[in-house]
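Between the sequences and the hints, there should be enough to build the whole structure, so can you do that?
Chain order of the listed sequences is A and B. Following the numbering used here, the numbering of the first sequence begins with 1 at its first residue and continues without gaps. Following the numbering used here, the numbering of the second sequence begins with 114 at its first residue and continues without gaps.
Worth flagging that the hints you see were computed from the coordinates, not collected in a lab. Hints are not guaranteed to be accurate.
Facing chain B, according to a computed beta carbon distance under 7 angstroms, are these residues of chain A, among others [to be verified]: (1) 41; (2) 56; (3) 95; (4) 101; (5) 103; (6) 106; (7) 108.
These numbers come from a predicted model, not from an experiment. Don't be surprised by glycine CBs; every beta carbon is placed ideally from N, CA and C.
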Amino acid sequence: AQTVTQSQPEMSVQEAETVTLSCTYDTSENNYYLFWYKQPPSRQMILVIRQEAYKQQNATENRFSVNFQKAAKSFSLKISDSQLGDTAMYFCALRAGSYQLTFGKGTKLSVIP
Amino acid sequence: EAQVTQNPRYLITVTGKKLTVTCSQNMNHEYMSWYRQDPGLGLRQIYYSMNVEVTDKGDVPEGYKVSRKEKRNFPLILESPSPNQTSLYFCASSSQGAGELFFGEGSRLTVL
Numbered sequence: 001a002q003t004v005t006q007s008q009p010e011m012s013v014q015e016a017e018t019v020t021l022s023c024t025y026d027t028s029e030n031n032y033y034l035f036w037y038k039q040p041p042s043r044q045m046i047l048v049i050r051q052e053a054y055k056q057q058n059a060t061e062n063r064f065s066v067n068f069q070k071a072a073k074s075f076s077l078k079i080s081d082s083q084l085g086d087t088a089m090y091f092c093a094l095r096a097g098s099y100q101l102t103f104g105k106g107t108k109l110s111v112i113p
Numbered sequence: 114e115a116q117v118t119q120n121p122r123y124l125i126t127v128t129g130k131k132l133t134v135t136c137s138q139n140m141n142h143e144y145m146s147w148y149r150q151d152p153g154l155g156l157r158q159i160y161y162s163m164n165v166e167v168t169d170k171g172d173v174p175e176g177y178k179v180s181r182k183e184k185r186n187f188p189l190i191l192e193s194p195s196p197n198q199t200s201l202y203f204c205a206s207s208s209q210g211a212g213e214l215f216f217g218e219g220s221r222l223t224v225l
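What follows is the structure, given as structure tokens:
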């Protein structure tokens, strides 16, 4: 079985500041993918960033970057220069083996003007 | 435009009245899946399908049925809905091995 844990149910950050969302996971597979999805109030699930486990380099997408620590099974998301539009639920997810995608319970991020 | 389409987006029904939530994707994806989202619980997988005529249970399959007769369609069937199935439902699809799931816009279901 695979598990994903997000230990921060809610977080807040001032506009233009940097915030880091935590995620730990567990899987027995060697090949897997990790994702961060954003869910704004519109409820749409939007892919923010993905990381292949075999790649040592941390993924980056504009203001979003990850800190992937494979040995520690940790996958945190850093948002730089936070914007009001970043206010959303953020879900960490793991996909391994049989393609089942397992989600964490989410972190509600509020960006304060 | 590549997309996953769910219908209906909103539905209020009563206990025991059978309903179907349709899901269709136009990306020729082999893999399709249904999730339900509840506050504090994140997204939990109901059923998934690796290809046509191949389906399997996820983490919370009780009270649901699915079928995969065509590659593009993966309907979710609630034979006898109960109030504990009130939830937000998402359909998703991906190509084999690609990793990323593409999600529909969600279906808000209320069972009275």
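**Study point:** Hints that the structure is at odds with (numbers, increasing)
**Key:** Hints 1, 2 and 7 contradicted; others consistent.
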